[in-house]
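**Q** Let the sequences and hints guide you as you build the complete structure.
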Amino acid sequence: MEPTPELSPHHAYPDHWEADVVLRDGGTARIRPITTDDAERLVSFYEQVSDESKYYRFFAPYPRLSDRDVHRFTHHDYVDRVGLAVTIGGEFIGTVRFDRINEQGRPASAPADEAEVAFLVQDAHQGRGVASALLEHIAAVARERGIRRFAAEVLPANNKMIKVFRDAGYTQQRSFEDGSVHLTLDLEPTEKSLAVQRGREQRAEARSVQRLLAPGSVAVIGTGRTPGGVGRTVLRNLLAAGFTGRTYAVNRAFDEGLATLDGVPAHRSLGEIDERVDLAVIAVPAHRVPEAVADCGEHGVQGLVVLSAGYAERGSAGRELQRELVRQARSYGMRIIGPNAFGIINTAESVRLNASLAPESPARGRIGLFTQSGAIGIALLSGLHRRGAGLSSFISAGNRADVSGNDFLQYSFEDQDTDVALLYLESLGNPRKFTRLARRTAAVKPVVVVKGARHSGTNPPGHAVPVSRIPDATVSALMRQAGVIRVDTVTEMVDAGLLLAGQPLPAGPRVAILGNSESLGLLTYDACLAEGLRPRPPRDLTTAASPQDFRDALAEALADGTCDAVIVTAIPWVGENGEAETGDGEVLAAALRGAAAGGPAKPVAVVHVEIGGLAEALAAASSTAAPRTRPTTLAGRPAAAPGAPTGAAPPTATAPTEPGTEAPAETAGTAGTAGTAEPAEPEAAEPPARPGRIPAYPAAERAVRAMAEAVKYAQWRRQAATPGKVPEFLDETTDEPGAAALIDTLLGTAPDPRGRPLTHDEARELLSRYGIPVRPTLPAPDPEAAVAAAARLGYPVALKTTAPHLRHRADLGGVRLDLADEDALRRAYAEVTELLGKPAELLPVVQSMAPRGVDTVVRASIDAAAGAVLSFGLAGAPSELLGDTAHRLVPATDRDAAELIRSIKAAPVLFGWRGSAPVDTPALEELLLRLSRLVDDHPEVVSVALEPVVVAPQGLTVLGATVRLAPPPPRGDLGPRRLPNY
14 MEPTPELSPH HAYPDHWEAD VVLRDGGTAR IRPITTDDAE RLVSFYEQVS
64 DESKYYRFFA PYPRLSDRDV HRFTHHDYVD RVGLAVTIGG EFIGTVRFDR
114 INEQGRPASA PADEAEVAFL VQDAHQGRGV ASALLEHIAA VARERGIRRF
164 AAEVLPANNK MIKVFRDAGY TQQRSFEDGS VHLTLDLEPT EKSLAVQRGR
214 EQRAEARSVQ RLLAPGSVAV IGTGRTPGGV GRTVLRNLLA AGFTGRTYAV
264 NRAFDEGLAT LDGVPAHRSL GEIDERVDLA VIAVPAHRVP EAVADCGEHG
314 VQGLVVLSAG YAERGSAGRE LQRELVRQAR SYGMRIIGPN AFGIINTAES
364 VRLNASLAPE SPARGRIGLF TQSGAIGIAL LSGLHRRGAG LSSFISAGNR
414 ADVSGNDFLQ YSFEDQDTDV ALLYLESLGN PRKFTRLARR TAAVKPVVVV
464 KGARHSGTNP PGHAVPVSRI PDATVSALMR QAGVIRVDTV TEMVDAGLLL
514 AGQPLPAGPR VAILGNSESL GLLTYDACLA EGLRPRPPRD LTTAASPQDF
564 RDALAEALAD GTCDAVIVTA IPWVGENGEA ETGDGEVLAA ALRGAAAGGP
614 AKPVAVVHVE IGGLAEALAA ASSTAAPRTR PTTLAGRPAA APGAPTGAAP
664 PTATAPTEPG TEAPAETAGT AGTAGTAEPA EPEAAEPPAR PGRIPAYPAA
714 ERAVRAMAEA VKYAQWRRQA ATPGKVPEFL DETTDEPGAA ALIDTLLGTA
764 PDPRGRPLTH DEARELLSRY GIPVRPTLPA PDPEAAVAAA ARLGYPVALK
814 TTAPHLRHRA DLGGVRLDLA DEDALRRAYA EVTELLGKPA ELLPVVQSMA
864 PRGVDTVVRA SIDAAAGAVL SFGLAGAPSE LLGDTAHRLV PATDRDAAEL
914 IRSIKAAPVL FGWRGSAPVD TPALEELLLR LSRLVDDHPE VVSVALEPVV
964 VAPQGLTVLG ATVRLAPPPP RGDLGPRRLP NY
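Per the numbering used here, the sequence shown runs over residues 14 to 995.
Hints in this document: simulated from the structure, not taken from any laboratory.
Don't take each hint at face value.
Below, a list of computed lysine to any residue pairs in the SDA-like style, where the Cα atoms sit at most 20 Å apart [stated by the list, open to error]:
#	residue 1	residue 2
1	Lys738	Ala936
2	Lys918	Pro935
3	Lys176	Leu207
4	Lys738	Asp949
5	Lys176	Ser79
6	Lys464	Pro522
7	Lys67	Ser79
8	Lys67	Arg77
9	Lys918	Glu326
10	Lys176	Phe189
11	Lys725	Glu362
If you anchor each label on the Cβ, the simulated ranges turn out as follows [claimed, not checked]:
#	residue 1	residue 2	range
12	Asp834	Ala543	48 to 58 Å
13	Leu848	Ala753	13 to 23 Å
14	Glu116	Arg915	47 to 57 Å
15	Pro303	Thr49	45 to 55 Å
16	Gly896	Gln967	41 to 51 Å
17	Ala763	Lys918	44 to 54 Å
18	Thr975	Ser395	44 to 54 Å
19	Thr184	Pro764	24 to 34 Å
20	Pro76	Lys205	36 to 46 Å
Cβ atoms here follow ideal geometry from the backbone N, Cα and C, with glycine treated the same way.
**A** Right under this line is the structure:
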């Protein structure tokens with residue numbers, strides 16, 4: 014909203030302060046600056062505030078605002094006086110204001126860095142987290158305007174207002190003066206304040222999805238009068254699934270006399286329905302959607318599933334329609350799944366919702382499924398159904414204009430009915446947030462992801478999100494760092510999901526193989542080796558093995574302490590007449606289930622070839638078909654998630670506890686919302702008492718790959734139990750203020766948005782502030798300068814060309830090493846210039862020789878979407894030609910650094926391969942940590958390349974460094990919570 018032209022250009026309306034937020038109850042609201050056009054809205058808002066709330070705000074009875082008050086509260090300079098409002102449907106439901114003050118508490122201008130702050134929240138909306146959201150945003154605005162502290166006066170009886178400051182996580186001070194409590198809040202973000210913010214965000218976004226998946230009533234808007242069509246199909250599916258709430262058919266074209274349709278009430282508009290509708294499924298042409306959304310918003314609908322197509326998938330015009338759809342829905346406090354969605358499903362017995370185009374609702378289970386593609390969603394539902402797996406929830410988000418995979422992760426983390434989260438993603442709107450949420454969720458339950466559109470470099474039609482330029486291999490490595498199980502195909506996702514949902518996690522990579530086919534056992538053995546598992550020699554039960562033989566062999570394998578998992582292979586029995594007998598699948602399944610139930614809890618998978626009824630019989634005992642009984646904490650939450658590793662060293666990983674849950678009550682005054690400590694979050698899982706569903710696979714490779722993913726995930730969970738840390742020595746050997754001052758000087762007062770590369774000397778100086786010495790080089794524009802440089806540095810030396818097309822290209826003859834004296838240097842200089850060109854073109858330099866070792870390359874770069882990434886590989890062909898490079902998100906811990914150098918394929922070269930001396934990997938890990946710290950402390954450092962880094966048996970030497978500075982990119986993950994606008 015633009016203000017009337019009353020403000021100077023210097024104080025222009027700050028539209029970047031506008032934001033959509035999710036409130037505690039899952040509804041949305043808009044936060045924006047208050048303008049001079051808001052006088053009537055402010056008066057109307059104030060009239061709806063109770064006398065008690067007014068008293069708390071003004072410390073006296075204050076029944077109405079005077080004209081002077083209205084003018085004061087709507088006229089701001091957006092620097093020293095700022096007001097923000099929370100709106101729903103265009104009307105105010107809460108306000109906050111700050112006025113800059115000096116040390117005496119009087120109005121002031123910059124450089125005064127303190128402001129007085131005051132809140133007022135409409136009584137009908139107290140308890141929804143309005144004031145806490147306002148505090149986050151007004152604090153960010155204040156920091157932007159150079160304000161470092163908030164001051165507030167609160168009546169002593171108003172404990173809830175005092176609590177809102179205390180629970181925000183900021184550093185605060187309290188004193189009692191003149192009959193009121195004086196509060197001072199330091200606005201510098203702290204680890205606690207960020208944890209509070211993210212905890213509130215998680216609960217609000219999870220609740221917003223829960224409201225969509227568990228409505229008390231559903232209206233299908235656009236239900237056809239005759240059978241067929243999208244709307245009528247959804248209505249039919251709702252009824253067939255046995256939805257436990259109330260269902261309504263809505264179509265403005267219905268005859269006035271039509272009372273019911275398919276047995277449910279029929280209406281021409283939502284206004285004719287006597288109760289509030291929780292969820293609306295919109296199945297009308299795109300040009301009629303705005304009318305339907307307005308009808309929903311005006312009648313209190315909480316969420317929308319928009320099946321209608323014709324939006325961003327149709328191009329720029331459709332993209333604008335899609336943005337307007339989101340703006341319209343959010344203005345009424347509603348969230349959207351879609352547009353161009355396939356629908357949603359919730360199989361909980363208390364809901365039984367199938368608001369989708371899927372003709373048959375899946376069985377109840379423990380797998381949550383999110384997909385951005387309707388076609389892939391159909392395929393996944395069909396594949397899971399064929400293999401007897403059940404779902405807890407399903408969302409097909411279509412163009413994912415609003416509700417996204419991040420929201421689904423927030424919901425899955427909380428959902429007690431979901432043991433495994435499966436996601437098919439074609440775009441990542443906020444990769445930085447995705448990895449944070451995935452790590453949190455993966456700490457308590459598996460997250461399996463298929464990423465489509467990996468190599469196109471663009472987003473699929475309809476996905477109006479920023480395009481990340483980060484390579485897919487890097488995306489995969491970062492997902493692994495966050496504990497995500499990244500697979501390549503939807504088939505692999507189903508394979509892994511079935512194993513993870515029904516079986517305990519393995520305690521290690523040791524796999525026992527048994528079956529009645531020697532050949533199939535050998536194929537399984539080879540597949541295990543290929544996937545990095547440690548298989549035992551296959552046990553051949555021979556083709557004469559009976560189901561009882563299988564049972565005995567499986568029980569023996571499970572009881573063996575030297576194996577962590579079992580893969581059973583089975584082929585049909587051959588009868589006396591030479592024909593295959595395939596009808597004993599149920600008998601074999603019963604035998605395998607009996608052995609698994611009676612032995613130690615270890616994962617079991619079955620590879621079968623054409624044994625009739627085996628897969629179905631094994632699926633009949635599916636643990637995905639019924640909820641597990643879990644212990645609960647004192648807060649009433651589940652204490653454990655399913656599928657934890659078992660064996661000698663079970664994990665004890667717990668999700669990080671985030672304080673700052675708000676109390677249900679909220680009031681008005683100097684502060685608005687109260688908070689309490691957050692209830693305990695789900696802890697790492699205790700293993701199921703016995704394995705449930707035993708997954709069956711038609712090929713050995715598929716079973717082994719699923720088992721390998723479970724092994725890697727279990728290992729990640731064990732390591733997550735004791736997270737890494739940044740060593741304290743970095744604090745003692747880094748000069749952060751000095752580096753910051755140098756960066757400010759190098760960038761200047763008006764930096765080029767594109768940034769600037771640093772010279773060799775500038776890069777050396779900056780890196781030295783973080784304890785990263787770079788071996789100096791001296792220019793050698795002619796042979797005499799080269800000789801003088803060598804004399805200064807000391808022999809032996811290296812002669813290098815630094816022209817961009819020859820940098821790090823020793824294979825072209827531009828690098829000459831071990832030049833022991835002046836004659837050798839002069840000969841090398843003459844040979845290089847004769848071979849490659851004039852010195853002015855080659856830019857030769859002289860550098861002293863480093864101890865022999867392994868040449869490596871260390872890089873750090875910032876992707877606008879994913880954030881800062883630390884990379885490592887061996888210099889030359891391994892990383893450049895073969896792509897053998899490992900990646901970790903910044904900031905990196907000591908464990909990340911250790912894993913980084915060990916996760917490349919060529920890592921054995923560093924550890925004494927073929928009799929060579931092992932190099933100083935602790936020194937290399939320290940270098941990685943120092944570079945990570947530099948990039949994390951100074952976001953202006955947008956790229957660093959240390960190449961080569963020669964790692965010797967003792968110590969290392971950085972021979973080359975390139976650094977680029979630029980104005981820091983925005984960090985949305987550190988600012989106040991807000992919904993993305995694409």
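**Q** Against each hint, give a clear statement of whether it holds in the structure.
**A** Hints, one by one, checked against the model:
| no. | hint | verdict |
| --- | --- | --- |
| 1 | Lys738 - Ala936 | holds, 17 Å |
| 2 | Lys918 - Pro935 | holds, 19 Å |
| 3 | Lys176 - Leu207 | holds, 17 Å |
| 4 | Lys738 - Asp949 | holds, 14 Å |
| 5 | Lys176 - Ser79 | violated, 30 Å |
| 6 | Lys464 - Pro522 | violated, 26 Å |
| 7 | Lys67 - Ser79 | holds, 14 Å |
| 8 | Lys67 - Arg77 | holds, 9 Å |
| 9 | Lys918 - Glu326 | violated, 41 Å |
| 10 | Lys176 - Phe189 | holds, 15 Å |
| 11 | Lys725 - Glu362 | violated, 34 Å |
| 12 | Asp834 - Ala543: 48 to 58 Å | holds, 53 Å |
| 13 | Leu848 - Ala753: 13 to 23 Å | violated, 44 Å |
| 14 | Glu116 - Arg915: 47 to 57 Å | holds, 56 Å |
| 15 | Pro303 - Thr49: 45 to 55 Å | violated, 29 Å |
| 16 | Gly896 - Gln967: 41 to 51 Å | violated, 30 Å |
| 17 | Ala763 - Lys918: 44 to 54 Å | holds, 46 Å |
| 18 | Thr975 - Ser395: 44 to 54 Å | holds, 52 Å |
| 19 | Thr184 - Pro764: 24 to 34 Å | holds, 31 Å |
| 20 | Pro76 - Lys205: 36 to 46 Å | holds, 39 Å |
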